[in-house]
Structure formats: structure tokens, C-alpha cells
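> Sequence:
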Amino acid sequence: MNNRLKIAAALVLAATVGGGVAAMAAQDAPAADPNGKTFAVLDKDGKRLADYTIPSDTLIAKEPNADQINYGKRLLNETRRLLPQNTGASMNCNSCHVQQGKKPLGAPYINTINSFPQFNPRANRVVTLEDRINGCFMRSMNGKPLDKTSPEMQAMVAYMKWLAQDVPHGAKVQIENAWPIDTKLIGDPVRGKSLYAAQCAACHGANGEGKKDRAGDIVFPPLWGDESFNIGAGLARTYKAAAFIRNSMPMGVNTHGTWGEGGVLSDQDAVDVAEYFTHMPRPDFPGKEKDWPNGKKPKDARY
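For the sequence shown, the residue numbers in mature numbering (1 follows the signal peptide of the UniProt record, and there is no 0) are -25 to -1, 1 to 278.
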């Protein structure tokens, strides 16, 4: 066999063996998800369970409590309009939980139902999911808590339970809540003000007032002022806010994907913007003196 034929044979053999190895590896590895909607699930011991796929809302109709789930979905989307007596701020739950709580790095609800009860350092006690939701009403919504047994509370919990699908309690879908911001970064509010004007003001207003549609419903929430979240809210803290906005804001700036994709600001940009707007005037939070009773208050707390 001449050299040219030997080389050709070697190439054929390599391709055949390589293809076989690749095929075997493909059988062992989880299928790639081009849409980024399927995630691994690990139990409390790190054992791999069946993968989780973010469900389409069209599947709600198949559930025996579909009306309750849909009501919870509406409440999370239209909180201010449907629960005006419990919301002092012009905010909806999904003002902060992007894409109805389905977006990675956008405060998703996907692991919520299976993460409670859990210890809350701010309260220094174990809290239920209903406690946590009411904490948002009192802080992020600058409002009043719901009756834990109310149809509204139970509907919101039902939506979060549906979104978790069949993931068992204690297991975790491998989806991140927010970008891991380095808390050693120092925020520059002057630079943050310029970044806000360039990247945020078009939606949230030059004075942080937010925007509503012609019917008066919230399109973009206010980031400071009397109708914004109070100083007890997580988003009133520099690093908490920066971790959220790093990969979820600004909205609708990309030519692909969906709203809330972000990816425009750097970590330092996000910290600078957050340092600027979190320190703008906003409502007080009665009872703030009870937070972090063990003294381990985060350095970015507003009080």
C-alpha cells in the first residue's frame, strides 16, 4: 500500500473510531437544550434526578386546579391593580421576577416552593413561603400583608407549585437566582447617575418615577420616590440590586432572545447604577429596628 492509501485508511479508521466514541458519549450525556429551558436537578445529596423543563403556560389548563393557578399568575403579574389595599407602591410581583418567574438570573420562582420553610437571617428565624410573600408585600410593595389562608395567597402559592412541576421537596433545579456580584466592588454614584441616564431612564423615568400605560397600569416600576419600594426591600440594597440588574436589565436591548435578557452592563456598571438609585429617597420601613437581631447586618443595608 502506498503512502497516500495508508493515510486515507488511517483517516477512515480515525473517523470511525472517533464517531463511535462520540456516539457512546452522547448516550451518556444529557441532551443539549438550544433554547436554554431545560436544567439539571439535584437532590439534597447531590444525586442527579430527572431534568427540569420550564413549562409553557398552555399546560396550566391540564391541571385540576387550573383556575387557581391562573388566578395566581394574574395576581403576580397585576398585583397593584388586583390588590390595591395591600400595595402602597406602584409595583407588581413580576416587576422583579422576570418573565413570570421563569428567567435564569431574573429572580425565578422555580425553586421557591421546594425551598421553604427556610431560615431567614434578617428575621433570625425559620419562615414559611407565606411569610416570605408577605415580607415582599410589606417591603417591596410598601404595603400590607395578606391573610395567609386567603384565596389570593393560596393562588400565588399554587402558581409557584405548578412552576416547580414534579421536582421533589428539598431537590434543586440548577438555575441561578441572580448574578454573583462581588461585594468588594465599590459603587460610584456619580458614574451610576450617568449610566442610569443612558441605560435606565428611558424605561424607569429621568426621576425614577417609572411608567404606566394609558389605562394606568404599571409598565415599568418606579425606582425611587413615594411610589417605589421602601428601604426594607432587598432591592434597596446596593449589592442585592446589582446582582439582579447585571443580567436582567436593561430590558429589550438585544436583537435575540426575550425581554429581561440584560448582558449590557458589567459588574462594576451594575454596582454603580445600584449605588445611585438605591440611595435615592424612598419610603421608610416601620419595624426596621427588628431586622438582623443577631447583629449580622449586611454592609449595604439602608438602615
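Possibly wrong hints are sitting among the right ones.
Within a straight-line C-alpha distance of at most 25 Å, the following computed SDA-like cross-link-like pairs (lysine to any residue) qualify [what the hints assert, rightly or not]: (1) Lys168 <-> Ile150; (2) Lys119 <-> Asp259; (3) Lys136 <-> Cys111.
Bear in mind the hints are in silico, worked out from the structure with no lab data behind them.
Computed from a predicted structure; not experimentally measured.
> Hints first: check each against the structure and report whether it holds.
We went through each hint and held it up to the structure:
1. Lys168 <-> Ile150: At roughly 31 Å apart (the allowed maximum being 25 Å), Ile150 and Lys168 break the hint.
2. Lys119 <-> Asp259: 14 Å, holds
3. Lys136 <-> Cys111: 18 Å, holds
Hint 1 from the list above is the single one not met by this structure.
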